[in-house]
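Enquirer: For reference, the chains in residue letters:
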Amino acid sequence: MENNHENATDESAVLNEITSIPIWVKGILVVGLILFLIRMPYFRQSFSDAVVKSKAETAVKTGKHLDAILHYKKLLIRYPEDKKMIQALGTTYYHAGQYDEAINTFSSLTDVMLDKEDAEAIDGMIKDIFAKMADRINNK
Amino acid sequence: MTLIPGFLISLITFPGVIIHELAHFLFCRILGIPVYAVCYFRLGNPAGYVIHAKPARWDHQILIGCGPFFINSVLGAILVFPSVLRVLEFGNSESAIDLILIWLGVSVAMHAIPSTGDAESMWSAIKTNQGFWLAKLAMVPVIMSIYILSLGSIIWLDLIYGVWACAFLPHVLVSVFA
Numbered sequence: 001m002e003n004n005h006e007n008a009t010d011e012s013a014v015l016n017e018i019t020s021i022p023i024w025v026k027g028i029l030v031v032g033l034i035l036f037l038i039r040m041p042y043f044r045q046s047f048s049d050a051v052v053k054s055k056a057e058t059a060v061k062t063g064k065h066l067d068a069i070l071h072y073k074k075l076l077i078r079y080p081e082d083k084k085m086i087q088a089l090g091t092t093y094y095h096a097g098q099y100d101e102a103i104n105t106f107s108s109l110t111d112v113m114l115d116k117e118d119a120e121a122i123d124g125m126i127k128d129i130f131a132k133m134a135d136r137i138n139n140k
Numbered sequence: 001m002t003l004i005p006g007f008l009i010s011l012i013t014f015p016g017v018i019i020h021e022l023a024h025f026l027f028c029r030i031l032g033i034p035v036y037a038v039c040y041f042r043l044g045n046p047a048g049y050v051i052h053a054k055p056a057r058w059d060h061q062i063l064i065g066c067g068p069f070f071i072n073s074v075l076g077a078i079l080v081f082p083s084v085l086r087v088l089e090f091g092n093s094e095s096a097i098d099l100i101l102i103w104l105g106v107s108v109a110m111h112a113i114p115s116t117g118d119a120e121s122m123w124s125a126i127k128t129n130q131g132f133w134l135a136k137l138a139m140v141p142v143i144m145s146i147y148i149l150s151l152g153s154i155i156w157l158d159l160i161y162g163v164w165a166c167a168f169l170p171h172v173l174v175s176v177f178a
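Chains A and B, in that order, give the protein sequences.
The opening position of the first sequence corresponds to residue 1 in our numbering, with each subsequent residue numbered one higher.
The opening position of the second sequence corresponds to residue 1 in our numbering, with each subsequent residue numbered one higher.
Each hint should be verified, as a subset may be incorrect.
Said to hold, decoys possible - Some chain A residues near chain B, calculated using beta-carbon distances under 8 Å: (1) V30; (2) G32; (3) S46; (4) F47; (5) D82; (6) D111; (7) V112; (8) D115.
Hint data in this document are derived by calculation from the structure and do not stem from the laboratory.
Backbone N, C-alpha and C define an ideal beta-carbon position, used for all residues, glycine too.
From just these sequences and the hints, can you work out the full model?
Expert: Set out below in structure tokens:
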């Protein structure tokens, strides 16, 4: 695949200079501009959501689970079907020790197709939660 | 490593080819270099070309050759701006226009890398007697990089660059405000 620009030969003296852009090229530029302008108003919301998601991920990394839960719940209002987000919320509930909420959150993924790694991680957390609950009952 | 015919890649990403040639054309016009022929897109090799007069100054030849790197990179990044975060961060889009804009932006940005033909023109320019030797020496690694990046399209380096150019600025902004 090659694009090229070349210098004209000595015959360039009889060549006509091109000074304008063809109408169809301008048309493509206009179409791109129109599409850009149509979607640009939605950028603010997408940017805001991405910032909240970044804050949630940072909160998880720094152990601020309650902050992360608030951020993920805010995002799930807008993206209720996002399985990665649901899994992240459930995982955060698990790490925050809110086991009932974690189980409820993971249960919404019952009929959803997950990656093998994600499914195993969720399975591991659920088993751990039930084991902890069983320990509590046995210790009473 | 998947080998796909070059003409097919050009066809799928034809907006990038058009903007690449347009960038050469615009830099010629800005620098006052007459242009005699422009093919913005065709199913052939090269997929596009610009034939212009030989610039009197060697640095003008360099600018004309590097034009696509600036214009394609910036335009590609701008085109995806409204849509890239929604699709990359949340894996969905509210509108098919988001996907069209991302295809447009990545297509344009991946054709930012000057071709080996462009590099040859730039190489010819620095081999002339005119100009300060140090400035021309500084261009040697730039031209070598263009050769390497152009050949790297075999391993999809141009696509990797296109996606990076489109995703870089929005992610930087998110990191700053998060």
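Enquirer: The hint names G32/A as touching chain B; please verify it with the least Cβ-Cβ distance against 8 Å.
Expert: Result: holds, 6 Å to nearest chain B Cβ.
Enquirer: So, D115/A near chain B? Judge it on the closest CB pair being under 8 Å.
Expert: Nearest chain B Cβ about 13 Å off; hint violated.
Enquirer: Given a cut of 8 Å on the nearest C-beta pair, is the interface hint for F47/A held or broken against chain B?
Expert: holds (6 Å)
Enquirer: Would the hint on V112/A stand, with a C-beta cut-off of 8 Å toward chain B?
Expert: violated (13 Å)
Enquirer: Would the stated hint for S46/A survive a check requiring a Cβ distance to chain B of less than 8 Å?
Expert: The hint holds - S46/A has a Cβ within 8 Å of chain B, the shortest such distance being about 4 Å.
Enquirer: Checking hints one by one. Is D111/A an interface residue toward chain B, by the C-beta closer than 8 Å rule?
Expert: violated (19 Å)
Enquirer: Let's test the interface hint: is any C-beta of chain B closer than 8 Å to that of D82/A?
Expert: With Cβ-Cβ at 6 Å, under 8 Å, it holds.
Enquirer: Are V30/A and chain B close enough, Cβ to Cβ, to be under 8 Å, as the hint says?
Expert: Result: violated, 13 Å to nearest chain B Cβ.
Hints 1, 6, 7, 8 from the earlier list are contradicted by this structure; the remaining hints agree with it.
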